[in-house]
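2 protein chains.
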Amino acid sequence: MKKVSFQGEKGAYSEAAAVHYWHEKVLPVPQKTFKDVFISVHEASCDFGIIPIENSLTGSIHQNIDLLLEFELSVVGEIILRIHHHLMALKGVRLSQIRRVFSHPQALQQCSNFLENWSGVEAVPMYDTAGSAAYVLEHGLKDCAAIASLQASQDFGLNVLKKGVENNQQNYTRFLIISKTPDMPEKSGKTSIVFSTKDIPGALFKAISVFALRDINLLKIESRPLRSGPWKYWFYLDFEGRMNQEPCLNAIQHLGEITSFLKVLGSYPAGKIID
Amino acid sequence: MKKVSFQGEKGAYSEAAAVHYWHEKVLPVPQKTFKDVFISVHEASCDFGIIPIENSLTGSIHQNIDLLLEFELSVVGEIILRIHHHLMALKGVRLSQIRRVFSHPQALQQCSNFLENWSGVEAVPMYDTAGSAAYVLEHGLKDCAAIASLQASQDFGLNVLKKGVENNQQNYTRFLIISKTPDMPEKSGKTSIVFSTKDIPGALFKAISVFALRDINLLKIESRPLRSGPWKYWFYLDFEGRMNQEPCLNAIQHLGEITSFLKVLGSYPAGKIID
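Taken in sequence, the protein lines are chains S and B. Residue numbers in the first sequence follow my numbering, run continuously in steps of one, and reach 273 at the last position. Residue numbers in the second sequence follow my numbering, run continuously in steps of one, and reach 273 at the last position.
So that you can see chain S by itself, here it is in the shape it has in the complex:
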């Protein structure tokens, strides 16, 4: 069985994404940090890694874009997961017994409407969502609940007291699959690249023209401060097409003429949305 590396504890949203992507036919391997995910794939102790790259509410996870630049790994897939936050407790515990709710501060904030209307209950920040579920189980806390993923409730045998307690329903996270070996989609696909432009007038305009002149659609663009100086930028860009197609190859060659740095992260099939 293939091993898939993810950041977080058992029950994290990344684990849920892996289970959906491979239809449970993989062994998810938890890692402490995102960098550990990249290292485990680079050193081949895991076959794949799965990393969040973008959330529809909070934006890009730049740390992972940086790691895609640092490591020589390829993006070979993506999956988009709707983030549902569920309230869960030990089996047999009723809603009226709850006095404290644990979760990551961001998850607590994303469920603030629900929590603020629940008098006599204290929200307590913890390191992560899945870790909060584990904590309730390990300490046998009968007056406490956790806010975490459905995956966490299954992994830790907790009972979901209330489903979907998040304020905003439009909460999606896009995950990328990384591998040591590039994989080329046979039919349609998309490609992710990173580049920095030369310091010349209209540099970004020229960079984007290499795609427009070949009728290649752009799917995402983002400027990002360069690490070498706070407000120097490079660009992260996704386009429609794959690197074994003539127009895409030509566009990238053309782009190379007008950029000071260019890296193709990989071509892969456009991912499913898991609702």
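If you are wondering where the hints come from, they were derived from the structure by calculation, not from laboratory data. Be a bit skeptical, because a hint or two may be false.
Any copy will do: because identical chains look the same in the list, a pair fits if it lies in one copy or spans two.
No farther apart than 30 Å at their CA atoms in a straight line, the calculated lysine-lysine pairs in the DSSO-like style are these [as the list claims (entries may be wrong)]:
{"id": "1", "residue 1": "K270", "residue 2": "K160"}
{"id": "2", "residue 1": "K261", "residue 2": "K218"}
{"id": "3", "residue 1": "K218", "residue 2": "K33"}
{"id": "4", "residue 1": "K23", "residue 2": "K196"}
{"id": "5", "residue 1": "K196", "residue 2": "K161"}
{"id": "6", "residue 1": "K89", "residue 2": "K270"}
{"id": "7", "residue 1": "K33", "residue 2": "K160"}
{"id": "8", "residue 1": "K161", "residue 2": "K33"}
{"id": "9", "residue 1": "K0", "residue 2": "K196"}
Let chain S serve as the given structure and place chain B on it in line with the hints.
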């Protein structure tokens, strides 16, 4: 004295940014949420608001871009603050007495190298950095420290035990100043806009061409999923120039012809970097 609204507790990084921007000649007014900051300026209970819009490590704060779209307020200034995390405790407490360190999980993570090398000390997540400093003071905890801003140590009378315990020195946050009344810089300046393109081939290329054709430099661009559907995009863009200059006015008029939505957030002087 002008009142300036910011999100967080007394001692938050946003308060520090406000104090630097107005050279202490303002009264900072804490608010619970970013939305409360916008409401306080909209309802004129405060003269200005100050909001973080972008961090050099973690990317754009999309929630605030959304609020700039939701409210009819103008961006009138910016300031860029280097984020230093300091370890602080009650006066008279020595480093060797510390057993627990409180802070926001993101700040704890940003100081992980320092914390992991400190054996016998537990890192405890809290809602925010300044709140951790307040907690140490209020409970008179002699074996605990907080990781927070210099501003927090001053506001709560804590002693800085160790300066700059962050892993990465390239940690900058860019703040925007918002007001009910637009303000036009007299000399050089920059302008922030948000737009969504019509669903036509090469739409972004055409949008960017309105600036390139007039030799207007772009400073930042970011695509962002539209709320109406998870992976439909709008664009946030900063360019060099101000809305009382002919080429900028023409570029915006031209852009209006090829976009389905366009909002000018404001023109303002480029901000200082506070190191």
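Going through the hints against the structure:
no. : hint        : result
1   : K270 - K160 : within (26 Å within a copy, 48 Å between copies)
2   : K261 - K218 : both (16 Å within a copy, 20 Å between copies)
3   : K218 - K33  : both (24 Å within a copy, 27 Å between copies)
4   : K23 - K196  : neither (45 Å within a copy, 41 Å between copies)
5   : K196 - K161 : neither (50 Å within a copy, 37 Å between copies)
6   : K89 - K270  : neither (33 Å within a copy, 56 Å between copies)
7   : K33 - K160  : between (34 Å within a copy, 27 Å between copies)
8   : K161 - K33  : between (32 Å within a copy, 26 Å between copies)
9   : K0 - K196   : neither (42 Å within a copy, 43 Å between copies)
Hint compliance for this structure: hints 4, 5, 6, 9 are not met, and every other hint is.
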